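Student: As a plain string of letters, each chain reads:
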Amino acid sequence: MQVQTQSIQKLFAMTQSYTDEFVDNALAGSTARKGWLSTLAKAPASEVLKLWEDVVAPESQVLRPAETGMVMVRGRTGGAGNPFNLGEMTVTRCAIRLATGETGIGYVAGRDKTHAYVAAVADAMLQSSIWRDQVRDGLIEPLRQASHVRRDAISRKAKATQVEFFTMVRDRKA
Amino acid sequence: MAYVAVKGGERAITNAHTWLGEVRRGDTSVPELSVAQIREQMSLAVDRVMAEGSCYDPDLAALAIKQARGDLPEAIFLLRAYRTTLPRFGATTPIETANMAVQRRVSAAFKDIPGGQVLGPTFDYTHRLLDFKLAAEGGHEVPPAQVSEEIMPTQLATIAQVFAHEGLLEGDPVTDTSEQPYDLTREPMAFPADRDQRLQALARGDEGFLLSLAYSSQRGWGSTHPLCGEIRMGEVSVGFTPDELGFEIELADLPMTECIMLSGFAGSAEQAPQYTRGYGLTFGHNERKAMSMSIVDRALRGRELGEEGQAPCQDEEFVLYHSDVVEASGFVQHLKLPHYVDFQADLQFLRRLRREFFDAKAKALAEQTAHMKEAAE
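Protein chains in written order, with the numbering used here: chain P, 1 to 174; chain H, 1001 to 1377.
The set of hints was computed from the structure by calculation and includes no laboratory data.
One or more of the hints may lead you astray.
To be verified - Covered stretches of chain P (in silico footprint by chain H; criterion: 3 or more residues with CB under 8 Å from a CB of chain H, positions within the stretch not fixed): (1) 37 to 50; (2) 61 to 69; (3) 86 to 92; (4) 150 to 158.
Unchecked claim - Straight line, CA to CA, 30 Å or less: simulated DSS-like cross-link-like pairs of lysine-lysine: (5) LYS1066/H to LYS50/P; (6) LYS157/P to LYS1111/H; (7) LYS1363/H to LYS157/P; (8) LYS34/P to LYS113/P; (9) LYS1066/H to LYS113/P.
Claimed, not checked - Chain P stretches covered by chain H per the calculated footprint, using a threshold of three residues with CB under 8 Å from any CB of chain H: (10) 72 to 80; (11) 116 to 124.
Everything numeric in this text was worked out from a predicted model, so none of it was measured.
The C-beta atom is built at its ideal place from N, Cα and C for all residues, glycine as well.
Next up, chain P with everything else stripped away, as it sits in the complex:
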């Protein structure tokens, strides 16, 4: 029970800090922008595109059409030491500009070009006070919730496989 309370408190704290991020979003490149770009990058393309159907997006000009490439993933020797090249991953990027001037950059894992384009448009909209709330509530927040639910479920499944050791105590009197 105590554990559940803790996790609810944690969830509340997350939601709170998340709201604060948007309130404080005066600077481009702020923690908030880093947060939503990460959410857009990590979310499965199918989830992003499904939610995007209900977002009313303004006209935008494509600065750089969606392009797929690779990023080299680096590990660390021994887990925490000098970097080494583990292997690459596919990444797709796109850049757009809204008529109101905001530039949106999308970098997403995988090869879905529409996903990258949507991420770029969403990034630009989140920088604009006109569009921010709609994208936050209709896209970013549901994606974060879905991600949290997924990770939470995996975490609980893992916890259920934790070994509980029993020590056999010898009865010395016998």
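Since the structure of chain P is provided, determine the placement of chain H on it from the hints.
Tutor: The following block gives chain H in isolation, referenced to the frame of chain P:
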């Protein structure tokens, strides 16, 4: 002169490939596999193809497996070939596996490792009896995984962190922040190889080859007396700083398997004895590969640790030159391509040798006969 341009055969090749397509499809009364089915239900094959193909993209790996009819080295080759068509956007910030969202973490060395022994979705402790329920037509009910009321800690201390304060395990200090790590996709293999180059080669290396080398080491050919400090599997956040943003974003949470193998003590007049370590890391869930890699990584550190070994697993040129499945498979299998000129030249030479052999023999026989005749007279 190994190759010769051979003209002709286009029709035969086209027909062979058409037939290959038909064979790949198999019996058409059996439903065709989708790429998504392979991705979801053959996920360890997908993980292996991504690790050795050196490219994380589960959909591409699943497509490669389908195209290769399940031949994983062929699928790895397809993925490697595809990646050469893509531009490189940059490199990630080195990942922090200590922050992994752990699904499985076991230490065979230390029972009471903080955070506990977490088994995760493992084949370990199964009885390896064929499960005929899986063969049932129309599928069967899969019982849902148990969920705990508790969640895992957000960070599990690694075996290295647990014993760090006592200095019982060697550390892995960051000594090299300026230089770019060696990149085998841009530079050829060179010797002597530093550890970054070796780790990249091992991470791309053939699982079977590394497994056999690790096994040979355990059986005494360059033993490092390994003890499994820790294996962990789960998702690791990957951060990247796009040029146009200038700040880091998280690109993905990639599943990875990491192994820290503890090995023979090393000490000197200045340095107190401590465990040395071997390191293994792969994309996806692949403990056999991560464990083998960590044993071979440790064996290859002989030069640095003052061990004089002649065993195969300790010889970096032997290991690194032969660990890549695409290169090995290519070189062995190129032998089936036309070598008509080699063979023609060999035949001419061999015929001459045989002619000389028989001539010499006939001559000797003639001389011997003449000699006997003389002796008889």
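Student: None of the hints should be skipped; say for each whether it holds.
Tutor: Going through the hints against the structure:
Check result for the stretch 37 to 50 of chain P against chain H: holds, 4 residues qualifying (beta carbon to beta carbon below 8 Å, three or more required). Only when three residues or more bring their CB closer than 8 Å to a CB of chain H does the claim for the stretch 61 to 69 of chain P stand; here the count is 3, and the claim holds. Beta-carbon proximity to chain H at under 8 Å applies to 6 residues in the stretch 86 to 92 of chain P; the threshold of 3 is reached and the given coverage holds. Note: the stretch 150 to 158 of chain P has 8 residues with beta-carbon separation from chain H under 8 Å; the three-residue rule is met and the coverage holds.
Only pairs whose Cα atoms come within 30 Å are accepted, and LYS1066/H paired with LYS50/P is accepted, the gap being roughly 28 Å. For the hint linking LYS157/P to LYS1111/H, the alpha-carbon distance of about 21 Å falls within 30 Å, and the restraint holds. For the given pair, LYS1363/H sits about 86 Å from LYS157/P by alpha-carbon distance, which is inconsistent with the 30 Å threshold. For the suggested pair LYS34/P and LYS113/P, the alpha carbons sit about 20 Å apart, so the restraint of at most 30 Å is met.
For the hint linking LYS1066/H to LYS113/P, the alpha-carbon distance of about 23 Å falls within 30 Å, and the restraint holds. Only when three residues or more bring their CB closer than 8 Å to a CB of chain H does the claim for the stretch 72 to 80 of chain P stand; here the count is 9, and the claim holds. For the stretch 116 to 124 of chain P, the assignment as covered by chain H is violated, since 0 residues bring a beta-carbon within under 8 Å of that chain's beta-carbons and 3 are needed.
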